[in-house]
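Please put together the full structure from these sequences, using the hints given.
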Amino acid sequence: MKIDKKIIKELSDYLDEFNLTEIEYSENNVKYKVSKSNKGIVHEQIISNDNQSRPSSTATTITSENINKANIIKSPMVGTAYLAPEPGAKPFVTVGANIKKGQTIIIIEAMKTMNHVPSTKDGVVKKILVTDGEAVEFDQDLILVE
Amino acid sequence: MIKKILIANRGEIAVRVIRACKELEIATVAVHSTADNESMHVRLADESICIGSQKAQDSYLNIPSLISAIEITGADAVHPGYGFLSENYKFAEILEQHKVKFIGPSSELIRKMGDKIEAKKIAKSLGLPIVSGSETGIKDISEAIKISKQIGFPILIKAAGGGGGKGMRIVHSEDKLEENIKIAQTEAKKFFNNEEVFIEKFFENPRHIEVQILSDGKDNTVHLGERDCSVQRRYQKIIEESPCPVISDEQRKYLLDVSVNAISKLGYEGAGTLEFIYDKGKFYFLEMNTRLQVEHPVTEEVTGIDLVKRQIEIASTGKLSLQQKDITFFGHAIECRINAEDPSKDFLPSAGTIKTYNQPSGPGTRVDSCVFQGCKIPPYYDSLVAKLICHGKDRTSAISRLKRSLDEFVIEGVSSTIDLHKKILRNEDFISSKYDVNWLSKTKFY
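Keeping their order, the protein sequence lines are chains G and E. In the working numbering, each residue carries its 1-based index in the first sequence increased by 735. In the working numbering, each residue carries its 1-based index in the second sequence increased by 4.
Don't read these hints as lab results, they were simulated from the structure. From the three backbone atoms N, C-alpha and C, an ideal C-beta is built for every residue, glycine too. Hints are not guaranteed to be accurate.
Claimed, not checked - Okay, the calculated beta carbon distance ranges per label pair:
| hint | chain 1 | residue 1 | chain 2 | residue 2 | range |
| --- | --- | --- | --- | --- | --- |
| 1 | G | Glu757 | E | Glu112 | 43 to 53 angstroms |
| 2 | E | Lys222 | G | Phe753 | 57 to 67 angstroms |
| 3 | E | Tyr450 | G | Asp748 | 42 to 52 angstroms |
| 4 | E | Ile331 | G | Lys825 | 53 to 63 angstroms |
| 5 | E | Phe334 | G | Gly823 | 53 to 63 angstroms |
| 6 | E | Lys438 | G | Ala819 | 35 to 45 angstroms |
| 7 | E | Phe334 | G | Thr839 | 44 to 54 angstroms |
| 8 | E | Pro158 | G | Lys847 | 22 to 32 angstroms |
Rendered as structure tokens:
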């Protein structure tokens, strides 16, 4: 599938013009979602068919791999994500690690509280989709588990 | 005389201070982080200045930025609000050195009261009742065992530089003492950069009662009654009321007299609060907050006195014109803290955009808030978004007003504690004042 850069460019311009943080547009079964994060502009493309979609989680990149949403642990809140209990400490999870449901995978700092985010499933960590200290939104993809 | 005040804070308290300044015709400067560009305090102040990025360390806690903002705007005084730098003696000290008035006590008293061991020593010397325990930092385990046996288990290990429940450990028996002291010291070092810990008697289910003081630090110290702040979650207050519904007039007189007497000997300038534990009919000094409290409006409602204006008066003139005999108390006031949190999910923080907002009003209802429809609640700061304060001729009518006001209160887009307050105010234990600091966490509302 080809990505239409023109559409993304046009949508990005609208973000600034109308002072929006996010815009979604569908055309011929392809949905484009462009949103701003504090890291600049996120270009995210989502294909909507059969529960399969393509989240792009790291800002400013467009991912092309097919990821089943069911295997993604999402952020329960907006805040700042930390991968380890304290600076310099061992991270909660690493790629390839076996994790159990209920185990802390990330801490999200929000409103002066440190919130432990538990894994919602058992599995092996395939990919960590956020970086330490990154601002995350509600429902943002955090970790890909298989 | 103070002509221009810089408010080194954000949120509802910054708005509260701006309101007092406007009524006194004093110019205001708001400072803000990049996350607060469009916040209410920025909109209401005469001038505003961005002092850093969203992280509090880079903005609201950034002393060099704040000093620059003071220089640029020519503010001659700073109101610190509560939280952030309000009890940071170094900030107060720098302002003193630069001849900018810090609206609060001297940096020296802030420093002494911020050290819990030092504060306890001072409290004892001023004749305040204190909790039994070690009067200095714990040096070795044999000393800790001796003190713990004297006062009896359970005991509480606390950090000298602590606060907010951090670095505290409850120990029920001697065999667990050594291990817990070590953990407490490590935590204290990590959180407060001071590993000193001390031991106190632990109270299982006390109430938290505090006394509001105003003093010019010279010859006039007055009290404005007490507040009961026992409805708490995670050591944080969620409902406060004045007067305390469970103490007798005789107990109240003792508490208020002992507090005024102590502070009058301290040379303390400004508003301050003495916090006490109340257990089995007795009061024990816990700590002194050398600043305005979140819950100050309940006192303002029962006395009709504007505490922020009095703070400014003392800072501006060095005098407090208010005399104890002129302070009268009427009725009962209760405050409900409206936090952007989901009480059904263990108070999970809920930042986001407020889509619908309707604020209650009508007789006896006051809302101190900083939010409006369409505003963003950033995840970087405290979750408090509004305080609902209702006043009535007695406690029953204050509760009725709160229930009525909570029904009018609509916040959509983020979760809030409105629904929890509706449940608390209908709970038999709350209605009959049978609550203590652990009551809320032990009571199931969801």
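- [ ] Check the following: the C-beta atoms of Phe334(E) and Gly823(G) are separated by a distance inside 53 to 63 angstroms.
- [x] 56 angstroms, holds
Open item on the list: The hint says 35 to 45 angstroms between Lys438(E) and Ala819(G); measuring C-beta to C-beta, is that right?
Closed with: Given range 35 to 45 angstroms: holds, Cβ gap about 44 angstroms.
TODO: Could you tell me whether the CB distance from Tyr450(E) to Asp748(G) stays inside 42 to 52 angstroms?
DONE: Since Tyr450(E) and Asp748(G) have Cβ atoms about 46 angstroms apart, the given range 42 to 52 angstroms holds.
- [ ] With 22 to 32 angstroms as the target window, see if Pro158(E) and Lys847(G) comply at their CB atoms.
- [x] 28 angstroms, holds
Open item on the list: Please check whether Ile331(E) and Lys825(G) have a Cβ separation lying inside 53 to 63 angstroms.
Closed with: 57 angstroms, holds
TODO: Confirm or reject the claim that Glu757(G) and Glu112(E) have a C-beta distance inside 43 to 53 angstroms.
DONE: 51 angstroms, holds
- [ ] May I ask you to test the hint 44 to 54 angstroms on the CB atoms belonging to Phe334(E) and Thr839(G)?
- [x] 51 angstroms, holds
- [ ] Please test the hint of 57 to 67 angstroms on the beta carbon pair from Lys222(E) and Phe753(G).
- [x] With Cβ atoms ~59 angstroms apart, the hint holds.
Every hint, counting from the list given before, is met by this structure.
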